[in-house]
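Here the protein sequences line up with chains A and B, keeping their order. All you need for our numbering is the position in the first sequence, starting with 1, plus 1. All you need for our numbering is the position in the second sequence, starting with 1, plus 1.
Just so you know, the hints here were simulated from the structure itself, not pulled from any lab data. Possibly wrong hints are sitting among the right ones.
All copies of an identical chain are treated as equivalent in the list; a pair is satisfied when it fits inside any one copy or across any two copies.
[Unchecked claim] The calculated BS3-like cross-link candidates involving lysine-lysine, where the alpha carbons are at most 30 angstroms apart (straight line), are:
1. 106 / 52
2. 52 / 225
3. 39 / 106
4. 106 / 216
5. 225 / 115
These numbers come from a predicted model, not from an experiment.
Each chain, written out:
There are 2 protein chains.
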Amino acid sequence: MAFLRPFLLFCLISVSFAHEAFDSHLLPRPLILEFPQKVENQLEELDGEIKLRCDSWRFNAEANNLSPWRRIPLECAEYVKEYSSGRAYQLDVETASKEAEIFAKSVKLVGDGKDVWIFDIDETLLSNLPYYTEHGYGSDVFNPLEFDNWVQKATAPALLPSLKLYKELLDLGFKVVLLTGRSESQREVTTQNLIDAGYYGWERLILRTPDDQGKLAVFFKSEKRSEMENEGYRIIGNSGDQWSDLLGTSVSLRSFKLPNAMYYIS
Amino acid sequence: MAFLRPFLLFCLISVSFAHEAFDSHLLPRPLILEFPQKVENQLEELDGEIKLRCDSWRFNAEANNLSPWRRIPLECAEYVKEYSSGRAYQLDVETASKEAEIFAKSVKLVGDGKDVWIFDIDETLLSNLPYYTEHGYGSDVFNPLEFDNWVQKATAPALLPSLKLYKELLDLGFKVVLLTGRSESQREVTTQNLIDAGYYGWERLILRTPDDQGKLAVFFKSEKRSEMENEGYRIIGNSGDQWSDLLGTSVSLRSFKLPNAMYYIS
Numbered sequence: 002m003a004f005l006r007p008f009l010l011f012c013l014i015s016v017s018f019a020h021e022a023f024d025s026h027l028l029p030r031p032l033i034l035e036f037p038q039k040v041e042n043q044l045e046e047l048d049g050e051i052k053l054r055c056d057s058w059r060f061n062a063e064a065n066n067l068s069p070w071r072r073i074p075l076e077c078a079e080y081v082k083e084y085s086s087g088r089a090y091q092l093d094v095e096t097a098s099k100e101a102e103i104f105a106k107s108v109k110l111v112g113d114g115k116d117v118w119i120f121d122i123d124e125t126l127l128s129n130l131p132y133y134t135e136h137g138y139g140s141d142v143f144n145p146l147e148f149d150n151w152v153q154k155a156t157a158p159a160l161l162p163s164l165k166l167y168k169e170l171l172d173l174g175f176k177v178v179l180l181t182g183r184s185e186s187q188r189e190v191t192t193q194n195l196i197d198a199g200y201y202g203w204e205r206l207i208l209r210t211p212d213d214q215g216k217l218a219v220f221f222k223s224e225k226r227s228e229m230e231n232e233g234y235r236i237i238g239n240s241g242d243q244w245s246d247l248l249g250t251s252v253s254l255r256s257f258k259l260p261n262a263m264y265y266i267s
Numbered sequence: 002m003a004f005l006r007p008f009l010l011f012c013l014i015s016v017s018f019a020h021e022a023f024d025s026h027l028l029p030r031p032l033i034l035e036f037p038q039k040v041e042n043q044l045e046e047l048d049g050e051i052k053l054r055c056d057s058w059r060f061n062a063e064a065n066n067l068s069p070w071r072r073i074p075l076e077c078a079e080y081v082k083e084y085s086s087g088r089a090y091q092l093d094v095e096t097a098s099k100e101a102e103i104f105a106k107s108v109k110l111v112g113d114g115k116d117v118w119i120f121d122i123d124e125t126l127l128s129n130l131p132y133y134t135e136h137g138y139g140s141d142v143f144n145p146l147e148f149d150n151w152v153q154k155a156t157a158p159a160l161l162p163s164l165k166l167y168k169e170l171l172d173l174g175f176k177v178v179l180l181t182g183r184s185e186s187q188r189e190v191t192t193q194n195l196i197d198a199g200y201y202g203w204e205r206l207i208l209r210t211p212d213d214q215g216k217l218a219v220f221f222k223s224e225k226r227s228e229m230e231n232e233g234y235r236i237i238g239n240s241g242d243q244w245s246d247l248l249g250t251s252v253s254l255r256s257f258k259l260p261n262a263m264y265y266i267s
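The following block holds chain A by itself, in its conformation from the complex (with noise of 0.2 angstroms):
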């Protein structure tokens, strides 16, 4: 909203000079004045209309109403910028979180190391924040190779509430399982970029395979989630930043959305 100020002042002054000196002659100089007022009420009217739009495909990006989708839409940049990088981000990762927490405080367990919870990794367990911070929050056309080079640094943070939400399942004693999109060729970095961020104690860290690349995500982590079960494994919870983490089969007997306005996973 803000980039679009100067270019739309400029816009509504040029208007309003154009009303002054069409006839500038017939008015007393102080109405000249009040121009600057309507000037701003328009520009608060159309921020206000950008944010309810923007808040609206938000809403509707969240609710998987808008599957796939491949772009920030271009007046919602700014919002999604503002969003993400504010409170109302993390305050949303830290409710979603806390369900999560008293969700699995009320399930009884069977206690014989087969009852799971599952996590995605990137914008669930660690941030890729300082990433997309350099890279318009999104609105950038994804770079894979650049987000490769980030993702090699290891230097990701936790998402705080998600960190809690680990720590407090391991003590109620579910097992761990980190079920991701990035391959196996990073395991090493990602394993070292979990365990400087606070995480340990993991049953398992799944990796997309050679095998598994091209495939969606939906269908992969499906696929890994029903070899768990054939295994016996009983999932109880899975926390996602994408609908993709935690629809399609063998899905939890509760999920969490964690929210992402930056980018969307089929």
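Got chain A; can you put chain B on it based on the hints?
Structure of chain B alone, referenced to chain A:
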């Protein structure tokens, strides 16, 4: 938020005046004039904080992270009223329906009369906003008798974006099935209400028989979808304001979650 203002204003003004009494003899009088601005700023901050928390509650409710939620948080009663009675709700319904239309147009129908789109009724085809306007927009305890009296009036208006989608689907050649938690005893008033609101030409209207009473909506609706599949219908799309309209078994190829911040049905 607005209803808290008089109370908070009183509290903050009390504090302000307490402060003034304490050292008013030390301060030049004009300084006191700054307090109302400060009070206004504090109220704005409080409004902003409540808005942020209620936005987060709504995101999590719509993402099905709070399943089941029984009551709107007390602090969000005013927020839900503003949202549900305002343009934001209408825009959310409109966006969801437009996306459904885009999807529907992308599907190549077999054309044997078995391509189905399912619609829920309440808060999907028909709006009970006139009822909820009189009942705290969902923050009052639900009164089934009063709600049944409202249903008997058969005056619920159409959600206009749903009506538009509905007509478009018929034009495209879909068979439309209405699947509702309303009871069989309400068939006549429901039919009358739908016709008066502009709906026509549905393939089937499925309501709860006495045998279905007491079943969770998600099971009742899954059962009915499964029966339809066994009859050879292909369930292409499904529009509903509750996750229990959309999840379960025999799910549609694509589903569209309409917003509802007023109540939740399991």
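Have a look at residue 225 and residue 115 and pick one of within, between, both or neither, based on CA distance no larger than 30 angstroms.
-> within (15 angstroms within a copy, 34 angstroms between copies)
Checking residue 106 and residue 52: alpha-carbon separation at most 30 angstroms within a copy, between copies, both or neither?
-> between (37 angstroms within a copy, 29 angstroms between copies)
Within a copy, between copies, both or neither: where do residue 39 and residue 106 come within 30 angstroms Cα-Cα?
-> neither (55 angstroms within a copy, 43 angstroms between copies)
30 angstroms Cα cut-off: does residue 52 pair with residue 225 within a copy, between copies, both or neither?
-> neither (39 angstroms within a copy, 40 angstroms between copies)
At most 30 angstroms between C-alpha atoms: does residue 106 with residue 216 qualify within a copy, between copies, both, or neither?
-> Only across copies: residue 106 and residue 216 sit 26 angstroms apart there, 34 angstroms inside one copy, limit 30 angstroms.
Of the hints listed earlier, those the structure fails to meet are numbers 2 and 3, in rising order.
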